[in-house]
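> These protein sequence lines are chains A and B, in that order. Quick note on numbering: the first sequence equals residues 1 to 410 in our numbering. Quick note on numbering: the second sequence equals residues 1001 to 1246 in our numbering.
Don't take every hint at face value.
[Unchecked claim] Distance ranges between label pairs, derived from CB positions: (1) N2/A with T1226/B: 43 to 51 Å; (2) V1070/B with V309/A: 34 to 42 Å; (3) Y308/A with T1178/B: 38 to 46 Å; (4) S1120/B with Q50/A: 56 to 64 Å; (5) R8/A with E1003/B: 35 to 43 Å; (6) L364/A with K1077/B: 56 to 64 Å; (7) A1193/B with T384/A: 51 to 59 Å; (8) Y308/A with D1225/B: 43 to 51 Å.
Calculated directly from the structure, the hints in this document are not laboratory data. Here a beta-carbon is modelled for each residue, glycine too, at the ideal position from N, C-alpha and C.
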Amino acid sequence: MNLTNLIRIALKALSNNKMRGFLTMLGIIIGVASVITMLAIGEGSKGSIQSSISEMGSNLIMIQPGGDDERRGPGGVSRSAASMETLKMADYESLLNESKYLAAVTPSVNSSGQLIYGANNTSSTVYGVSPDYLTINSRAVDDGMMFSEQEISSAAKVCIIGTTVAEKLFTNGEDPVGKVVRFNKIPFQIIGVLKSKGYNSMGMDQDDLVLAPFTTIQKRVLAITHLQGMNASAIDESYTQQAIAEITEILRRNHKLKASDSDDFEIMSMDEILSTMDSVMSMLTLLLGSVAGISLIVGGIGIMNIMYVSVTERTKEIGLRMSIGAKGRDILAQFLIEAIMISITGGIIGVIIGAILAYLAGMLVGFSATIQPWTVGLAFSVCTFTGVFFGWYPAKKAAQLDPIEAIRYE
Amino acid sequence: MKEIIRLENISRDFVMGEETVHALRNVSFTIHEGEFVTIMGTSGSGKSTLLNTLGCLDTPTGGEYYLDGVSVRTMGKNDRATLRNQKIGFVFQSYNLLAKTTAVENVELPLMYNSAYSASARKQKATKALIEVGLGDRLNHKSNQMSGGQMQRVAIARALVNDPAMILADEATGNLDTRTSYEILVLFQRLHAEGRTIIFVTHNPEIANYCSRNILLRDGRVVSDTMNNNIKSAAEVLAALPKNDD
Ligand SMILES: Nc1ncnc2c1ncn2[C@@H]1O[C@H](COP(=O)(O)OP(=O)(O)O)[C@@H](O)[C@H]1O
Ligand SMILES: [Mg+2]
Chain A
1 MNLTNLIRIA
11 LKALSNNKMR
21 GFLTMLGIII
31 GVASVITMLA
41 IGEGSKGSIQ
51 SSISEMGSNL
61 IMIQPGGDDE
71 RRGPGGVSRS
81 AASMETLKMA
91 DYESLLNESK
101 YLAAVTPSVN
111 SSGQLIYGAN
121 NTSSTVYGVS
131 PDYLTINSRA
141 VDDGMMFSEQ
151 EISSAAKVCI
161 IGTTVAEKLF
171 TNGEDPVGKV
181 VRFNKIPFQI
191 IGVLKSKGYN
201 SMGMDQDDLV
211 LAPFTTIQKR
221 VLAITHLQGM
231 NASAIDESYT
241 QQAIAEITEI
251 LRRNHKLKAS
261 DSDDFEIMSM
271 DEILSTMDSV
281 MSMLTLLLGS
291 VAGISLIVGG
301 IGIMNIMYVS
311 VTERTKEIGL
321 RMSIGAKGRD
331 ILAQFLIEAI
341 MISITGGIIG
351 VIIGAILAYL
361 AGMLVGFSAT
371 IQPWTVGLAF
381 SVCTFTGVFF
391 GWYPAKKAAQ
401 LDPIEAIRYE
Chain B
1001 MKEIIRLENI
1011 SRDFVMGEET
1021 VHALRNVSFT
1031 IHEGEFVTIM
1041 GTSGSGKSTL
1051 LNTLGCLDTP
1061 TGGEYYLDGV
1071 SVRTMGKNDR
1081 ATLRNQKIGF
1091 VFQSYNLLAK
1101 TTAVENVELP
1111 LMYNSAYSAS
1121 ARKQKATKAL
1131 IEVGLGDRLN
1141 HKSNQMSGGQ
1151 MQRVAIARAL
1161 VNDPAMILAD
1171 EATGNLDTRT
1181 SYEILVLFQR
1191 LHAEGRTIIF
1201 VTHNPEIANY
1211 CSRNILLRDG
1221 RVVSDTMNNN
1231 IKSAAEVLAA
1241 LPKNDD
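Bound-form chain A, shown alone (with noise of 0.2 Å):
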C-alpha cells in the first residue's frame, strides 16, 4: 500500500474521532508550546543579559580583591576580611603610572544609603571613583563639571548626581548644580548632573546613581584605607589580554608575592563576563527545555494510551482489513501513520501557540523572546520521534494480531 492511501486511511480514522484525537494531541500542544515557550524565553532573556553587559563597555576590566578558592575561609563560603583588604591606593598609583596598555583607571569604593535635600529623601548608591570612570563607563556630564585631581586629594565634599536622583531631589525644578544634599549626615555640593542614558536593556534604571570623589567616600563615609575594587579600560579591546597580564604582574609585585603564591586579587574582562554569563544561561536554557520536555514526554504517552484504545476498539476493522488484503506492515503502517499525525498536527499548534506565548512573555517582560528556528526544527523532530516511538507498540500489536480472531471479535 502506498504511503498516500496511508494518509488517506489515518485522515479518515482520526476525523471519524475529531474529539479524542484532539484532547490526545492537547498532551502534545501542551508540551510543544511549552518547549517552544521557555527556549525562546531563555534565549531571549540571554540577548538581553548580553547586550547589557556589552553596553557597559566591552573593554572594561575589573579588579576585585581577594583571590581564588584557596584563598576561602573552611567551607569555601566567607573569605577572611584580610583578603578582601588587599588592594590599597599604591596599587592604584602603581597602575596609574606604570600601565602602558590602561587607557583609564579608577579606584571603586561604594555606599548605598539615602540622600536628603530639604524634606525630599531618596535612596541611591554613591560610587567613590576617579575621573576616568567616565572614559570607563562611557558617561558624560551634562551640566556643571566633572571633580578635579585636586578634589581627589583634598577628599572634597562634592558630587555628581543622575537625571533620576536629580528628579526625586529637585521637584520643583530647581537647578541642582550648587546645591548641597546630605548623605549619611555629610553634606556634599553638588558640581554637576550626569547625562542621561536611560534603562539599560535588563531594565535597570543607569541614571539612579552618585559620583563622588573615591577619597572622600574612603575617608568620610566608610573610613577605610583599602579599595573594594578598581575599574579600567584596555587602550583598545584587542588589547585586553595584555592589559590583564600587566595589571597581574604589577599587582603581584605590589603585594610582593612569591611565584608560588597565588594571586590574592581577581580580574575579570567584559569578555569572560559574558561567556560566563552564557554558559549560565545556556545551562538555564536547557534546564527550561527539559522541564517542558517532560510534558512532550506525557503528551506521547498519551498518544501510546489512546492507540491501544483504538487498537483494542478496532480489532474488527484490523481483521477485515487482513482478510481483503492488508498484510501486517500495511496495518502497522496505518496506526503509526495516526499516531505521527497526531503528534505532528499537535506540533504545529503547539508550535504556533509557543510562539504567541512566547510574544507575550517577552512584551511583559520587557524582552523580545527569540525563536530560534532549531527549536522549532527540534519540536517538529520530537514529535515525529513521539509519534513513532509511543505508537510503535500498539501499531506492532494491531499487525501482530490473528486475522480469524480478529473479525470474530466484539
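Following the hints, complete the assembly by docking chain B with the ligands onto the known chain A.
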C-alpha cells in the same frame, strides 16, 4: 472447466492444552470455475474452519491446498495476504463495513491494498461493483444509513471489486430476514449465472436448493458431496413471498 480449488487430505487440529480438537479431518475435494457450492453442517462441524482455510486466512495442519494451481500451505503470511487481495472475495455474516464510511469507500478498500490501482480507477471499479449489486443510487450513503440487506450488498460489492477467482460467504444471510435473504440469494444466483465461483457456508439446508453443489460436513469430515441438477430460482420464491410493509 478450470480447476480453482484442490484440497488433498486437509486436516486442521487445534491444540488446547491437553486436548486436541480435530476441526477438519482428511478433507479432499476439488471445485471448478463457475460452481456455486454450499458447505453445510451443524454448528461446530468445521464449516468456518474450512472456509478460513479456503480463504487463506488459516493454514491447515496437514494435507495440500492448491488455489488456482498454487500450493498455499507453504506460503508466507505476506504472500497469503496478496492472494486474499487478488483472488478471494469475502462476505461475512455481520457485513463488517467500516463505520461512518460511504458505500464507495467501503467497496474501494481491497483496491487500496493493491498499488496497481489509481484513485480514479478505484472509484470507477467500486462504482461499477455497486451498480452490479443494485446500489447504484446509494453510492455515497454511509454504512450507518443503510438497512441490513443494503449493507450486505455493499459487502458483496466489496467482494466483487477485485474480480476474485472465488467469493467466500460465511452465513451471509444469517443476520437477514427471510425476504432480504432471498434478495441476497437472487443476487448470488445472478453472479453465478455470470460465471462466478461462489462458496457459501450455511447451516440452513434450504439454501442448498439454489446452488449447483452441496458439501455436507460432520465432525470435520465430508459426509456427502452432491451435485444439484435441479437448481431452484430464488427470484421465483421471492416473487411469491409477501411484500414487506415499508
Ligand atoms: N481457534 C480455535 N481454537 C480452538 N478450537 C477451535 C478454533 N476454531 C474452531 N475451533 C473448533 O473447531 C471446531 C469447528 O469449528 P467451526 O469451524 O467454527 O465450526 P462451524 O463454523 O461449523 O460452526 C469446533 O469444535 C470449534 O470449537
Ligand atoms: Mg461458523
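> Against each hint, give a clear statement of whether it holds in the structure.
Status of the hints after comparison with the structure:
1. N2/A with T1226/B: 43 to 51 Å: 47 Å, holds
2. V1070/B with V309/A: 34 to 42 Å: Holds, since V1070/B and V309/A (Cβ atoms, about 39 Å apart) stay within the stated range.
3. Y308/A with T1178/B: 38 to 46 Å: 42 Å, holds
4. S1120/B with Q50/A: 56 to 64 Å: With Cβ atoms ~59 Å apart, the hint holds.
5. R8/A with E1003/B: 35 to 43 Å: Roughly 38 Å apart at Cβ, these two residues keep to the hinted range, so it holds.
6. L364/A with K1077/B: 56 to 64 Å: 59 Å, holds
7. A1193/B with T384/A: 51 to 59 Å: 54 Å, holds
8. Y308/A with D1225/B: 43 to 51 Å: 46 Å, holds
When the structure is compared with the earlier hints, no violation turns up for any of them.
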